[in-house]
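There are 2 protein chains.
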Amino acid sequence: MNRQIGQRTLLFPNRPRVIGCASIVAGAEAEGPLGTGFDRAEADDTFGEDSFEKAERRFFTETVVLACRKSGLAVSDLSALLGGDLLNQIVTANYAARDLNVPFLGLYGACSTMSESLLLGSVLVDAGFRSPVACVACSHFSTAERQYRYPLEMGTTSPPTAQRTVTGAGCLLLADTLPPEARYRRIRVAAATLGTVVDLGVNDIGNMGAAMAPAACDTILQHLSDMGCSPADYDRIVTGDLGTHGSEMLKELCRENGVDLSERHFDCGAEIYASSQNYNCGGSGCGCSAVVLAGHLLPLLESGELRRILFLATGALMSTTTVQQGETIPGIAHAIVLEHTEGGNL
Amino acid sequence: MNRQIGQRTLLFPNRPRVIGCASIVAGAEAEGPLGTGFDRAEADDTFGEDSFEKAERRFFTETVVLACRKSGLAVSDLSALLGGDLLNQIVTANYAARDLNVPFLGLYGACSTMSESLLLGSVLVDAGFRSPVACVACSHFSTAERQYRYPLEMGTTSPPTAQRTVTGAGCLLLADTLPPEARYRRIRVAAATLGTVVDLGVNDIGNMGAAMAPAACDTILQHLSDMGCSPADYDRIVTGDLGTHGSEMLKELCRENGVDLSERHFDCGAEIYASSQNYNCGGSGCGCSAVVLAGHLLPLLESGELRRILFLATGALMSTTTVQQGETIPGIAHAIVLEHTEGGNL
Numbered sequence: 000m001n002r003q004i005g006q007r008t009l010l011f012p013n014r015p016r017v018i019g020c021a022s023i024v025a026g027a028e029a030e031g032p033l034g035t036g037f038d039r040a041e042a043d044d045t046f047g048e049d050s051f052e053k054a055e056r057r058f059f060t061e062t063v064v065l066a067c068r069k070s071g072l073a074v075s076d077l078s079a080l081l082g083g084d085l086l087n088q089i090v091t092a093n094y095a096a097r098d099l100n101v102p103f104l105g106l107y108g109a110c111s112t113m114s115e116s117l118l119l120g121s122v123l124v125d126a127g128f129r130s131p132v133a134c135v136a137c138s139h140f141s142t143a144e145r146q147y148r149y150p151l152e153m154g155t156t157s158p159p160t161a162q163r164t165v166t167g168a169g170c171l172l173l174a175d176t177l178p179p180e181a182r183y184r185r186i187r188v189a190a191a192t193l194g195t196v197v198d199l200g201v202n203d204i205g206n207m208g209a210a211m212a213p214a215a216c217d218t219i220l221q222h223l224s225d226m227g228c229s230p231a232d233y234d235r236i237v238t239g240d241l242g243t244h245g246s247e248m249l250k251e252l253c254r255e256n257g258v259d260l261s262e263r264h265f266d267c268g269a270e271i272y273a274s275s276q277n278y279n280c281g282g283s284g285c286g287c288s289a290v291v292l293a294g295h296l297l298p299l300l301e302s303g304e305l306r307r308i309l310f311l312a313t314g315a316l317m318s319t320t321t322v323q324q325g326e327t328i329p330g331i332a333h334a335i336v337l338e339h340t341e342g343g344n345l
Numbered sequence: 000m001n002r003q004i005g006q007r008t009l010l011f012p013n014r015p016r017v018i019g020c021a022s023i024v025a026g027a028e029a030e031g032p033l034g035t036g037f038d039r040a041e042a043d044d045t046f047g048e049d050s051f052e053k054a055e056r057r058f059f060t061e062t063v064v065l066a067c068r069k070s071g072l073a074v075s076d077l078s079a080l081l082g083g084d085l086l087n088q089i090v091t092a093n094y095a096a097r098d099l100n101v102p103f104l105g106l107y108g109a110c111s112t113m114s115e116s117l118l119l120g121s122v123l124v125d126a127g128f129r130s131p132v133a134c135v136a137c138s139h140f141s142t143a144e145r146q147y148r149y150p151l152e153m154g155t156t157s158p159p160t161a162q163r164t165v166t167g168a169g170c171l172l173l174a175d176t177l178p179p180e181a182r183y184r185r186i187r188v189a190a191a192t193l194g195t196v197v198d199l200g201v202n203d204i205g206n207m208g209a210a211m212a213p214a215a216c217d218t219i220l221q222h223l224s225d226m227g228c229s230p231a232d233y234d235r236i237v238t239g240d241l242g243t244h245g246s247e248m249l250k251e252l253c254r255e256n257g258v259d260l261s262e263r264h265f266d267c268g269a270e271i272y273a274s275s276q277n278y279n280c281g282g283s284g285c286g287c288s289a290v291v292l293a294g295h296l297l298p299l300l301e302s303g304e305l306r307r308i309l310f311l312a313t314g315a316l317m318s319t320t321t322v323q324q325g326e327t328i329p330g331i332a333h334a335i336v337l338e339h340t341e342g343g344n345l
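Chains as they are written, first to last, in numbering that gives the first Met the number 0: chain A, 0 to 345; chain B, 0 to 345.
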């Protein structure tokens with residue numbers, strides 16, 4: 000069976016079902032305009048643990064447990080867990096997978112992880128390799144600051160193009176059949192487009208939106224070309240965490256290539272915080288697009304308010320070492336087509 | 000189509016072909032007992048670059064280019080690249096994927112990366128999603144020492160259970176059809192078994208073999224159970240980098256579970272260096288199993304000297320942060336069944 004179309008797009012003829020999801024965030028995200036959509040908010044972002052790293056792990060595991068519970072599944076029903084985070088050696092995902100005791104595939108795509116896990120999870124389900132599978136991405140403001148930037152205690156200021164790493168985890172469950180108790184019954188994955196690593200030479204670590212926008216543009220153009228469609232075929236074209244500045248860049252880059260996104264584009268990072276929260280260009284981190292997808296977009300897809308979206312989590316692929324060595328910042332974005340379908344019991 | 004058997008095993012009914020491979024190593028690996036099998040040895044492990052990190056990237060990219068050339072393909076013929084390395088944020092793979100300009104899926108499985116990439120690459124090829132695909136793992140002694148241990152200039156000594164990170168990259172190309180010029184024509188992937196994260200409480204960072212052996216044991220036992228077979232069904236059961244000490248532990252753990260590996264077991268880490276090279280328990284790093292598979296085991300499978308092997312790259316999933324925070328070291332191992340087949344032109 001050929002499941003390729005065009006240069007970089009994968010088709011899922013069996014259209015894996017999104018049978019459930021969950022999102023757990025911290026206070027800043029709960030206070031944002033999308034706050035009511037998240038399943039749970041931890042006012043204390045330490046989750047009662049004695050380190051932020053352990054807290055981040057709790058966000059990951061609790062979100063998977065909650066997604067299973069909401070879908071009428073036990074964690075032990077999961078046949079695979081695909082996920083990652085931003086910490087060195089993706090230790091959040093590794094230790095969470097140990098505690099959850101589910102067969103595990105560790106992914107690193109920086110903030111593109113949610114798309115990458117959905118792409119590979121859909122591949123496994125569509126072809127009959129595994130079902131159900133959990134796709135997860137998680138990030139934490141305080142662990143990311145400590146690892147990528149400065150100790151929190153220094154109280155450094157951030158440039159106007161900076162974004163705040165979202166504290167939270169999002170999980171989607173994909174399966175080939177619908178469990179009786181699944182709350183989500185009408186969303187299916189139709190296709191996905193692989194990203195390539197794109198680097199237009201941005202080297203400003205305080206402006207990640209600019210580093211990722213070219214990769215998002217590249218994948219969007221490739222997807223539309225591969226599928227022979229236009230932005231009008233999607234109710235929303237969702238990017239992960241370009242932020243307000245990066246979103247403008249994306250729209251400009253697409254416009255230069257003859258594609259007008261203005262009516263359709265939605266950036267999770269630009270929407271997760273209110274401007275009154277003063278987080279500069281918005282949210283970032285691989286948890287950002289994961290919680291917005293699970294907490295805000297999937298309910299709209301389930302209800303039919305949205306019929307078809309293109310979801311692209313966007314990742315910046317540098318490390319502190321490459322930045323210190325003067326390298327530019329490459330980006331990547333994988334795209335996933337999520338559709339509302341009638342007849343959810345079928 | 001159901002492609003599952005047992006609890007954690009994936010079947011590949013179309014049996015993806017290994018159409019080519021390449022391995023590039025540095026001096027220490029070339030001087031070892033398997034040295035003549037590697038395609039190329041760089042006496043200078045800086046690869047002429049001004050940092051070890053850039054050198055590691057060169058090992059990665061040059062190995063992919065060489066694997067393509069040996070198979071009569073251009074790099075642009077690749078429909079996906081799946082790979083990873085040990086550096087924070089897998090920057091070796093990320094920047095190499097940028098330079099190679101191939102659709103990219105970044106993986107982090109520590110030293111289990113070669114198995115993980117082969118598992119997911121086989122999934123993509125078997126079900127008709129992508130072909131050909133490149134599966135790659137890469138590590139570098141000097142970048143790993145700097146990141147995980149101490150500056151090389153300190154000249155610290157290592158405990159007797161320590162292993163040396165292999166400098167090198169291995170790449171396997173998988174495809175659904177045989178290119179006319181492919182040198183490898185008789186090797187196919189039949190099945191794979193997913194690993195779970197296993198942690199028996201080892202916390203000695205100088206004894207990684209002990210941390211990974213339980214995960215290898217767990218996956219071997221699960222694989223044999225899922226497939227209803229025994230070690231006698233394999234010419235070799237290959238682990239990635241348990242080293243001499245970890246290998247003894249693995250055999251003991253399997254023996255306690257009624258499985259005798261002694262006649263079949265082969266550990267890439269224990270075999271890559273001669274004892275006269277004084278590298279304690281042997282080689283490690285995700286490049287270790289990758290270069291031994293590409294440089295030593297695949298030629299034996301192609302010739303028919305080996306008919307069927309179970310290949311398990313083994314990973315330790317900690318970070319320097321988790322070690323400093325007193326966490327134990329979890330391990331993981333995914334298993335891949337590689338078979339010699341007659342009629343390679345079919």
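Since the hints were derived computationally from the structure, they do not count as laboratory data.
One or more hints might be untrue.
If several chains are the same, the list does not tell them apart, and a pair holds so long as it fits within one copy or across any two.
Capping the alpha-carbon separation at 25 Å, the derived lysine to any residue pairs in SDA-like fashion look like this [said to hold, decoys possible]:
#: 1; residue 1: LYS250; residue 2: ASN277
#: 2; residue 1: LYS69; residue 2: ASP43
#: 3; residue 1: LYS69; residue 2: ARG254
#: 4; residue 1: LYS69; residue 2: ASN256
#: 5; residue 1: LYS250; residue 2: ARG39
#: 6; residue 1: LYS250; residue 2: PRO150
#: 7; residue 1: LYS53; residue 2: VAL64
#: 8; residue 1: LYS69; residue 2: ILE4
Verification of the hints:
1. LYS250 with ASN277: within (23 Å within a copy, 58 Å between copies)
2. LYS69 with ASP43: within (23 Å within a copy, 56 Å between copies)
3. LYS69 with ARG254: Result: close neither inside a copy nor across copies, 41 Å intra and 42 Å inter.
4. LYS69 with ASN256: Classified as neither; 42 Å inside a copy, 37 Å across copies.
5. LYS250 with ARG39: neither (33 Å within a copy, 46 Å between copies)
6. LYS250 with PRO150: neither (35 Å within a copy, 45 Å between copies)
7. LYS53 with VAL64: Classified as within: same-chain Cα gap 16 Å, cross-chain 41 Å, threshold 25 Å.
8. LYS69 with ILE4: neither (34 Å within a copy, 28 Å between copies)
Consistency note: the structure conflicts with the earlier hints numbered 3, 4, 5, 6, 8.
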